[in-house]
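Participant: Keeping the supplied structure of chain A fixed, place chain B upon it in accordance with the hints.
Sequence order for the protein chains is A and B. Residue numbers for the first sequence follow this note's numbering, so the first one is 1 and each next one is one higher. Residue numbers for the second sequence follow this note's numbering, so the first one is 442 and each next one is one higher.
Simulated from the structure, these hints should not be mistaken for laboratory data. Hints are all accurate, no fakes.
Dumping the calculated DSSO-like pairs for lysine-lysine here, alpha-carbon to alpha-carbon at most 30 angstroms: (1) A:120 - A:364; (2) B:520 - A:246; (3) B:514 - A:417; (4) A:426 - B:514; (5) B:520 - A:226; (6) A:144 - B:514; (7) A:187 - A:247; (8) A:120 - A:229; (9) A:187 - A:300; (10) A:417 - B:520; (11) B:520 - A:441.
Stretch by stretch, here's where chain A covers chain B in the computed footprint (C-beta under 8 angstroms, at least three residues): (12) 510-517; (13) 575-584; (14) 596-608; (15) 702-708.
Predicted model, so just to flag it, every value in this text is computed and none were measured. Here a beta-carbon is modelled for each residue, glycine too, at the ideal position from N, C-alpha and C.
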Amino acid sequence: MRKHTRAALLCVAAALTLTACAAGKGGGASSDAAAAPGKDDKLTLTVWSNYSDREYEEVTKALKTFNKKFPNIEIKHEGSQDDDKITAGIRSGNTPDVALSFTTDNIGQFCSSGAFQPLKAYIDRDKVDLNQLTPAVQQYTEYKGNRCAMPMLTDVYAMYYNKDLLSTAGVTTPPKTLDELYDAAVKATKKAPNGDIEVAGYLPTMGFYANRPTILAPTFGAEWEKDGKSALASSPGFTEMMTFQKKLVDFYGYDALERFRAGLGQEYSADHAFHQGKIAIMVDGEYRTAFLKAQAPQIKFGTAPFPTWKPADYGTAFTTGTIMGIPKGAKNPGAAWELIKHLTFDTDTIVGLSNAIKNVPSTKAAMESPQLEVDEQFKTFIDLAKSDKLKGNPVTPIGDAHIKAVTDFSVSYQSGKVPDLAAGLKEVDKNIDDQIAKSGK
Amino acid sequence: MTATLGARPAPGKGRARARHRLAVLGFMAPALIGFVLFFGYPLVATVIFSFTKYDLINPPEFNGLANYEFMFKDPLLTKAIANTLWFVVVLTIARTVFALGVASVIARLKSGVGLIRTLCYLPSLAPPVAATLVFFMVLRPNGGPVDSVLGWFGVDSPLWFSDPAWAKPGITAIMLWISGDLMIIILAAILDVPQEQYEAAELDGAGPIRRWWHVTLPTISPVLLFGIVNSVILALQLFTQAVVAGSAGSGAADATGSTKYLGFPDNSTLTFPVYLYTQGFRYFDMGYAAAMATVLFVISFAVTIVLVQRMRKNSTAEEGGPGA
Numbered sequence: 001m002r003k004h005t006r007a008a009l010l011c012v013a014a015a016l017t018l019t020a021c022a023a024g025k026g027g028g029a030s031s032d033a034a035a036a037p038g039k040d041d042k043l044t045l046t047v048w049s050n051y052s053d054r055e056y057e058e059v060t061k062a063l064k065t066f067n068k069k070f071p072n073i074e075i076k077h078e079g080s081q082d083d084d085k086i087t088a089g090i091r092s093g094n095t096p097d098v099a100l101s102f103t104t105d106n107i108g109q110f111c112s113s114g115a116f117q118p119l120k121a122y123i124d125r126d127k128v129d130l131n132q133l134t135p136a137v138q139q140y141t142e143y144k145g146n147r148c149a150m151p152m153l154t155d156v157y158a159m160y161y162n163k164d165l166l167s168t169a170g171v172t173t174p175p176k177t178l179d180e181l182y183d184a185a186v187k188a189t190k191k192a193p194n195g196d197i198e199v200a201g202y203l204p205t206m207g208f209y210a211n212r213p214t215i216l217a218p219t220f221g222a223e224w225e226k227d228g229k230s231a232l233a234s235s236p237g238f239t240e241m242m243t244f245q246k247k248l249v250d251f252y253g254y255d256a257l258e259r260f261r262a263g264l265g266q267e268y269s270a271d272h273a274f275h276q277g278k279i280a281i282m283v284d285g286e287y288r289t290a291f292l293k294a295q296a297p298q299i300k301f302g303t304a305p306f307p308t309w310k311p312a313d314y315g316t317a318f319t320t321g322t323i324m325g326i327p328k329g330a331k332n333p334g335a336a337w338e339l340i341k342h343l344t345f346d347t348d349t350i351v352g353l354s355n356a357i358k359n360v361p362s363t364k365a366a367m368e369s370p371q372l373e374v375d376e377q378f379k380t381f382i383d384l385a386k387s388d389k390l391k392g393n394p395v396t397p398i399g400d401a402h403i404k405a406v407t408d409f410s411v412s413y414q415s416g417k418v419p420d421l422a423a424g425l426k427e428v429d430k431n432i433d434d435q436i437a438k439s440g441k
Numbered sequence: 442m443t444a445t446l447g448a449r450p451a452p453g454k455g456r457a458r459a460r461h462r463l464a465v466l467g468f469m470a471p472a473l474i475g476f477v478l479f480f481g482y483p484l485v486a487t488v489i490f491s492f493t494k495y496d497l498i499n500p501p502e503f504n505g506l507a508n509y510e511f512m513f514k515d516p517l518l519t520k521a522i523a524n525t526l527w528f529v530v531v532l533t534i535a536r537t538v539f540a541l542g543v544a545s546v547i548a549r550l551k552s553g554v555g556l557i558r559t560l561c562y563l564p565s566l567a568p569p570v571a572a573t574l575v576f577f578m579v580l581r582p583n584g585g586p587v588d589s590v591l592g593w594f595g596v597d598s599p600l601w602f603s604d605p606a607w608a609k610p611g612i613t614a615i616m617l618w619i620s621g622d623l624m625i626i627i628l629a630a631i632l633d634v635p636q637e638q639y640e641a642a643e644l645d646g647a648g649p650i651r652r653w654w655h656v657t658l659p660t661i662s663p664v665l666l667f668g669i670v671n672s673v674i675l676a677l678q679l680f681t682q683a684v685v686a687g688s689a690g691s692g693a694a695d696a697t698g699s700t701k702y703l704g705f706p707d708n709s710t711l712t713f714p715v716y717l718y719t720q721g722f723r724y725f726d727m728g729y730a731a732a733m734a735t736v737l738f739v740i741s742f743a744v745t746i747v748l749v750q751r752m753r754k755n756s757t758a759e760e761g762g763p764g765a
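With the rest of the complex left out, here is chain B:
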């Protein structure tokens, strides 16, 4: 320990210590400056703006808790929160399970692995607007490819982005299609599982499913937890796909950005970030938008803390083993 930190000056040598601190600070400066400028300052500014009436043009005026109070009588905010919570639960579970499933299948492939891995990863590189419009065209009722195929079996396709009950599942489908980044991370974790563990389990008579359940899953659980945290944050920040799906579903894809179409149909695609943007930049109420952003930050932070603590608890339990 002493050997690795041998450069630390002895106590009492004030000038040397100050120089040491300056050197440390100097090395950390690029990261610190970036953190303060692009995270710390916007965060503090957002909290400050949340206590003001601010129209983006004139200096903000302090209005106490008025923005927070208005949240309790804003019907659209309730909808936006409900929609985002839906995505947090459904999208998080679906995305993690889907990426895990695809990665598990690819990990077992004997040939064509490179091609299939590339094909599964590629959609995640598609620009979100283009990906959403492609999905809209594919799922389009009355003549879209999916509708036509379902028609051969005498099944009416859902109205997807025109039906409040199907719009969120439709967006979830898009998000699954572009989840190749998470799939690649999980695949790497699966391929990293020590082969001896599988062999030991096989000697103990475990079949493929039990090996997957008792060897693969526990070993990759930290990566899965990362996937869950990542998916929760993605769901909390869902914006582009919701805006484009809403605009296209309303027949106004070429007028994307018009507030009137945000949330279509029946505000089922109005997510918390979409509503936040609408309030700040379309209704010119940056104070209220900042209050919403503060609430979103607190919730995201709390969810992340809970998940990380759970992850730490799990890994401690695993390290301790049964006798610990």
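Bound-form chain A, shown alone:
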């Protein structure tokens, strides 16, 4: 028995040692700026992104433009690398020099944990003018004053409307207020004799397609946090957002709406309901213009800022985008910074990439470039991106747990399961605060 106890203790001790070693791995992060590569330094920069197919090719082309400045640096671009792989790479020491993340949901974790190295020293050394970026874009690329990422293009969200469906319904101008949106949605809705929805004027189901709380919050003036605490219950905008959507859900009838929604195509497929003419108005990012032109050229659509709760807020929009950082343990941080700087601020590169994958440029200069291809529909997004009303993604150290909490609650509220909206929102606030407190960041 004593032998067994000794053996077990030995195993636990060995595991403890191994665990401590494994958990501490990951290379170093420095707050000093690494030197830029010399003109004769031969090196290879590894870039990880989550792009695939056509977009991967276009981003690779944009990366190659760096060789005009540094012909001695070879760039190795690896696509289909999501945030999980980036984190695993940092842990295992197999770290790229530059990591591109598709979502800004994780910026809080990347900056606070040191997964992405602080960029302040580089910015100060090179006297980079961050005001070339809009305040919203600056906001979603840092956490609590620690800038650990830079933007590579942005997504801006606005209203899409089907011109034929609205015109048939007698709606001559796109709605600007919530009352107008409600009226247009009701008029454009078509129901079968048995009550089934054939066309929905506007699909209010929270979490479906881009109808998400983060995207809609700015147009309702909804605030996510106040004094470091979740502030959903005390923000009138959130209450308004929930009640407006619920009013529309009640118009359709929750069961009928769910039956209609359940039969719609996937968000990034050609079966998307807007492509099929099954919804008349929706909120979505600028990239949808390219999808529509490629996959549903028969749909005549227009774009406009999403209607707002308060008329003075009209022209407000949500923005997020791809972010770039130098992961902890990167082998060539100095060269990595040069590449990030190039992709963030080189106007020709940004414009070329924006034209190719139809995202909004992330610098003011690129948005003004005559080379930028701007048609009638895309112009809405460029105008919104230039506006000082643009709002970025709420940044927390808990990934998108706060967004999931709000989305889950909204769906429950819409289905009629929540009798007291205010009390429910307070409960969500508490849940989010508890999770942030647990993270200790």
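Facilitator: The following block gives chain B in isolation, referenced to the frame of chain A:
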């Protein structure tokens, strides 16, 4: 006995005994190393991490029982546990009964056995993501094949992966469709039942149902118990089908992995392992995820012990017979 273990050295011959032990250890080494590296170490490490705050990037910091305490105020964890318990009960019963039923029917077939056995087994080879997406398309309301067939009879199909009440039954249906592996094991056990027992029962006047109930079932009960243990573990670890069904149901199948869609609809597909993964790899709280994994391990271990003990008790009773 002595003959088979004749190589054992006599007591007192220390060096020979040590050599014997080394030889035994040497032969066992590959299995032992694998066990320690891939089971023992991760298990101990998980328990250690469960007492820490660990974001995957920085070294873990000891935080006592904080992770375990948080479990009591985490509303999603309660849902995840309830969902997993639902699968443990319903999926275990449904999968075992379904596999037993199919195997029993195939065992009685006179012709085309090979083809039908192959057809029933094939779905279990399908990749889980593809199988789930196929089911999603087949069960899709408003135009899916099942919806169309039900429509001919004037019946509205359930919303399956869009309805919290039907999402878990939908996933259970997928799991039944891919339960061919268990079916094959049970079929082998049924075919292994001695023919004389059936003949004796028939002479005693037992019909097909009584023969199945009094001969087949008791004889294959150890295999059925294996099927139950296997299904319980499968239900406790249900992950891929839940993630894909949730993403597809939410209209974001092409954005699978985004945490916002996990558990859709209304967290009815948020199983314990899905939530564990979310906490560890999406919310960067590996300490909490490790605490959840420890709890899952303890529960799985306890359930398995209870089932195995029950199996032993049953087989002892059978061996002892009525007079024992």
